[in-house]
Amino acid sequence: MKTVVTLLAVEELTVKFGGLTAVNALSFAVAAGTIHGLIGPNGAGKSTVFNCLSRFYEPAAGSISFDGHNLLNAPPHGVVKAGIVRTFQNVELFRGMTVLENVLVGQHSTFGGSFFQDMFATAKARAQEKAKREAALTTLELLGIADTANAYVGSLPYGKQKKVEVARALAANPKLLLLDEPAAGLNPQETYALGDLIVDLGRKLGVTVVLVEHDMTLVMRICDQITVMEFGRKIASGRPDEIRCNPAVIKAYLGEGEDIA
Amino acid sequence: MILLQQVISGLATGCLYALVALGLVLIFKTTEVVNFAQGEMAMFCTFVAFSLLVVVGLPYWGAFAGALAVAAVLGILLERLFIRPLHKSSLLSVLIMTIGIMMVINGVAGWIWGFEPSNFPTAVSGEPVRLGQLVITMPDVMNLAVTCVIMAIFYLVFKYSMVGIAMRAAAENRVVCRLMGVKVNKIMATTWAIGSMLGAVAGILIAPVTFLDLSMMSEVIIKAFTAAVLGGFNSLPGAVVGGLLLGVMENLVAGYISTELKGAFAFALIVAVLCIRPTGLLGTVERKKV
Amino acid sequence: MNRENWLRFIVWAAVSMFIAAVIAGCGAASKRTASGVTDNNIKIGAFGALSGPVAAVGVPVRKGFEAYISYINDQGGVNGRKLEVIFEDDQFNPANTLAAVKKLVEQDKVFAISPGLGTPGVLATLDYLADKQVPFIYPMTGASQPAYPLKKNTFVVQPNYVDEAKILTQYAADKLNAQKVAVLWQNSDIGKQGLEGVKAQLAKAGVQLVYEGAHDVKDVDFSTHILKAQEAGADTVILYTVVGQCAGILKEAKKQGYKAAFVTTYINSDLNLIKLAGDAAEGLIVAGWAAITDVNSPDYKKFMEIYQKYNNTSEMPSGYATAGFIAGEILVEGLKRAGKDLDREGLLKGLESLQSFNGILAKDITYTATDHSGVKSLIMFKIQNGTIVEISKDRFALKP
Amino acid sequence: MHRRGLLTSLLAAAVLLLPPQILPWFTDCSYYFYLIDLMGIFAIGTLGLGLLVGFAGQISIGHAAFMAIGAFFSGFTTLQLGWPFWLALPAAGLAAGVSGFALGFPALRLSGQYLAIATLGFGVAVPQVLVKWESVSGGFNGLKPLAPMLFGYKLSLEEDYYYLVLITLLLMGWLARNVVASRTGRAFIALRDSETAAQAMGINIAHYKTLAFAFSAFYAGIAGSLYAHLVRFIGATDFNLGMSVNYLTALVVGGLVSIPGFIAGAAFITALPHGVNALTRGLPGGMKAMAQNFPQVLTGVVLILVVLYLPQGLMQLWTGLKAGWAAKVRGRRGENSRDTARG
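Chains as they are written, first to last, in the numbering used here: chain A, 1 to 261; chain X, 262 to 551; chain V, 552 to 951; chain P, 952 to 1294.
Derived by calculation from the structure, the hints in this document are not laboratory data. Quick reminder that beta carbons are idealized off the backbone N, C-alpha and C, glycines included. Mixed in with the good hints, there may be bad ones.
Said to hold, decoys possible - Below, computed lysine-lysine pairings styled on PhoX-like, alpha-carbon distance capped at 25 Å:
1) V/K683 <-> P/K1095
2) V/K683 <-> V/K891
3) V/K933 <-> V/K806
4) V/K927 <-> V/K755
5) V/K806 <-> V/K633
6) V/K805 <-> V/K633
7) V/K702 <-> V/K683
8) P/K1083 <-> V/K750
9) V/K887 <-> V/K927
10) V/K805 <-> V/K826
11) P/K1095 <-> V/K703
12) V/K810 <-> V/K750
13) V/K660 <-> V/K887
14) V/K660 <-> V/K703
15) V/K703 <-> V/K927
16) V/K703 <-> V/K900
17) V/K683 <-> P/K1105
18) P/K1083 <-> V/K769
19) V/K750 <-> V/K933
20) P/K1105 <-> V/K702
21) A/K160 <-> X/K349
22) P/K1083 <-> V/K702
23) V/K779 <-> P/K1083
24) V/K683 <-> V/K927
25) V/K927 <-> V/K950
26) V/K755 <-> V/K769
27) V/K887 <-> V/K860
As the list claims (entries may be wrong) - Reference listing, derived: stretches of chain P covered by chain A, where coverage requires no fewer than 3 residues with Cβ under 8 Å from a Cβ of chain A:
28) 956 to 966
29) 1120 to 1134
30) 1154 to 1167
Stated by the list, open to error - One side of the interface only, derived from the structure: several residues of chain P facing chain X at Cβ under 8 Å:
31) A1053
32) P1057
33) L1061
34) G1063
35) Y1065
36) A1067
37) I1068
38) L1071
39) V1075
40) A1076
Using the sequences provided together with the hints, build the complete structure.
Here's what the structure looks like:
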């Protein structure tokens, strides 16, 4: 039993929209190097949690500490520098760009140099650009979509687009990767492959993953820890096998008529 | 006393802004089009009214009705031919489209009616109302009255009538509307018809003051946009509030600060308001779900 | 965008440009006559806004000018030469004006420019025409730059607004025994110069300026100004604005029952003013620098006849049309006097020989070798029962 | 490819540089070079607007205002403060850039129609303020900037000014191209396509929006300065909404995201009225009224058609034609081969 390093600690997080409380005093911790599942019926507030982690929403109360720092001090665009990158439930790619360029945007915060170096295309700027392009290509290879590098993302099938999003996120070489329903819209085979990919990435790049997902088979298969939410509250947490037979969870899901593998 | 007078004539002018702004907002709410052609459409219809009056020799209200009919047709045609094909494209290209329409309408109107200004009769004449030093002309009263009536109608229609509800729904979510069996296209067309008619009413009310010529709306439309943004581009009451506010404010600036910088001050006000409320006074934010 | 497109574009652009330039070459090379005069034809260039917001001015000017030119051509032209007019549209944008004038002078090789409408356009082309020594007859602007300092090639006709405003102020003092005047001016070169002129004359005329208010070019609400002028107790109001807004102001004054003497610039000596303002215009005193408003005078009837015949229309010509017409009169008179073997020098000499020349509408036009500033005296009109009538036959001018 | 590239660039250089030296021998063509200069100047402005609207997706309907700022800054400093043109030109760009930066801040909180109208207001307000500020702008009489001096030689001839415009245009085009191809350019496009995702990828929206405004205003300022010293008369009211709309038109006609397109669009819009006027010249009296505002109507029609059918602008016609032609050629080859096979 090795010592567990907590990478992300969410304490008493509460988010309100007007009268509605979307997330209610939620606490959970994510250990470095693990894959952490965040599940629950629709409207449980999972995406809202993600939007807090990426600083889109301002929580009404609670704290988020990441890697020992208070994340709530960072601006939305500072989250990446801190080491957190996310993907989106319904794909948010830059349609005006090629796959490669999308991934390059992922690397944005890793770029050095000033605007004027870009403007005059100084040797330094060009060298950097070249290096980054190669890095981007390797990321694409890692995900097995290098062949689409110069295609416009709009022209790709949905499954590929999802992969591009993951690639774009990884390009920022994050410590923590937030995956928002990566399997949505994929067929079982694709989903299975995706599962392996995620595990594999975790190992290869030492990336910690928080996963919001409806596909229970996937969640149960790859997650080390799972936090279950309902109506903005945490109703259970633990290892997959514990969760599987947790009455509250079953109730919550049967209520929704979804069955747990 | 001067102050009060200025406020009142400001309100009268503001009503005209409000009417045009109302059309802009209505069209934007349901079809998400920022319609730069609104002013020229109004100008065109006003000229039609003029021809009906002078050439055909209809009585005032006959010409008025005729112009409204033409306005409706014009609105529907434009929506059908030029706007509907763009329902998926960006705000910019739609905006450019309306600018193109604006140029064409203005040019064609020039071909039909020439370039020299002419006098346009007022709906109501008669001695101005005097309250002490205060003077309110019949046309001013008319403007206020018309605006109030139209506001009332709008309120009722939008609140209670089926069409109104459908329009509101279409504004909220086009797809769902379609699924619910609302004839969205029909709604869009109706919206444009109404928006265009609003413009025509404004044009006919403005013409006696600005006199009838090709550029009669060029300034009003900018004011109307300002008013719409001031009030919140997606709020009908906002358009009216914005219009009246702008009308009054302009007069006060002109009276107490500087006539030459009126427009500049109006702009400063807009920026100030928008910095505090990015969606105008009564506008609402659409939060993008991710 | 990759490098190849970039280069392809450069070539593409360059080639098209080259073609354009070559066409230019051929175009011009084909017709290389000496400055627009042949044995039976004289080429005249003109510019003004024929489209855009200011078309309402440019179009009638063109109608008036071309009507008179066709009238002359039908009579056999000038010294056996017919006049050919090339009227360029500049949309009131000086960059376009300069382009148009360059084209007229360098490509069409016109003999002279007449008329040229619009302050920005005139100011933008004045020096160029002076350099090229192209006669420029009747720059239509109230600005004083064309007149002072003297330019050998430029002949101003209408008085500039500064001078006119001085005369008006003096007139108000002498004939309307004004004590307190108010100036309502349009926020444009017109109004600014009018105001300047009034202020300059105040002391000499012994009147005081109690209120001055500006309105924007498109303003429609004048209540504030009327109120304030009234409060300041102005007995005479001088209006420096254009027809539409002048009418608006008069209506507003009537509405508020403001009784004062209203005096306005020659810009508004225009029958449209009555059309627009109706009975609110009654009693307004309008300046005029030519006999362009007394509808019943034989001169005006003659003008109407020509205007309506050659535009085959029955419409009433506007004040702007009369200005165009007068430009034609002066140009033609100058050409006549220049004689059979015509050159630019001759035209200038011809014009400088005008001694209080009276045409159909053009009246009291005098030029000398040292003075090209045109009319310096005004006829005063009054609006009575829906028409404009002369107050007195003799013209009003400042005493030297 | 490389050798072809070299050849084409040599050819280009020749065609670009020689005409002003050769043509004047044959004819008086400063009118055409004046137009070409204007095209180049508006192309520079359009480049800037393109970066802002086409790439960064921030609508600006008041762009002529920045051009006015550049023009009057250059006019004022050269006439009143006796600055040399060569200092005034970049300074004018910077001045406009700073004002663009300033406008960027309200723009931060606005989007879509609100931004559009705010910039519209800016476009209305700036000329008004300038007119009022007579000590700088000369009021309604405007300013008369002088032709630039180069080592004691006056660039008053359009043929000479042409080189100045050409060099500036190529330089500005090159800079624009670098920016577009760089991390900054990608950040702009990211802003346009999805602010949410852009932020999530660590792009500082505030920084890049204001940067986009400042950068494009800088272009407009340079264009303004060049304009001032070419036309040599500037009146504040000339930089009106009509001019701003012309910019947008050029942009759309040029296809929003293509640098050559921007330049072509600007050339098209500048040439259109003059071309049409030349064509409609000498129409019979009845049709004159038509001819008068024909350019305006035509521009409108072009806009409508482009928006409806040519999202990549008029260049799309060009590429489309080329593709079609290539296809035809291929087709014919195919037939031939079949024929030979049969025979």
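Okay, the hints, checked on the actual structure:
no., hint, result
1, V/K683 <-> P/K1095, "holds, 18 Å"
2, V/K683 <-> V/K891, "holds, 23 Å"
3, V/K933 <-> V/K806, "holds, 20 Å"
4, V/K927 <-> V/K755, "holds, 18 Å"
5, V/K806 <-> V/K633, "violated, 53 Å"
6, V/K805 <-> V/K633, "violated, 51 Å"
7, V/K702 <-> V/K683, "holds, 12 Å"
8, P/K1083 <-> V/K750, "holds, 18 Å"
9, V/K887 <-> V/K927, "holds, 24 Å"
10, V/K805 <-> V/K826, "holds, 16 Å"
11, P/K1095 <-> V/K703, "holds, 20 Å"
12, V/K810 <-> V/K750, "holds, 23 Å"
13, V/K660 <-> V/K887, "holds, 20 Å"
14, V/K660 <-> V/K703, "holds, 19 Å"
15, V/K703 <-> V/K927, "holds, 19 Å"
16, V/K703 <-> V/K900, "holds, 10 Å"
17, V/K683 <-> P/K1105, "holds, 17 Å"
18, P/K1083 <-> V/K769, "holds, 17 Å"
19, V/K750 <-> V/K933, "holds, 24 Å"
20, P/K1105 <-> V/K702, "holds, 23 Å"
21, A/K160 <-> X/K349, "holds, 24 Å"
22, P/K1083 <-> V/K702, "violated, 29 Å"
23, V/K779 <-> P/K1083, "holds, 22 Å"
24, V/K683 <-> V/K927, "violated, 28 Å"
25, V/K927 <-> V/K950, "holds, 11 Å"
26, V/K755 <-> V/K769, "violated, 34 Å"
27, V/K887 <-> V/K860, "holds, 24 Å"
28, 956 to 966, "violated (count 0)"
29, 1120 to 1134, "holds (count 6)"
30, 1154 to 1167, "holds (count 4)"
31, A1053, "violated, 10 Å"
32, P1057, "holds, 5 Å"
33, L1061, "holds, 6 Å"
34, G1063, "holds, 5 Å"
35, Y1065, "holds, 6 Å"
36, A1067, "holds, 6 Å"
37, I1068, "holds, 4 Å"
38, L1071, "holds, 6 Å"
39, V1075, "holds, 5 Å"
40, A1076, "holds, 4 Å"
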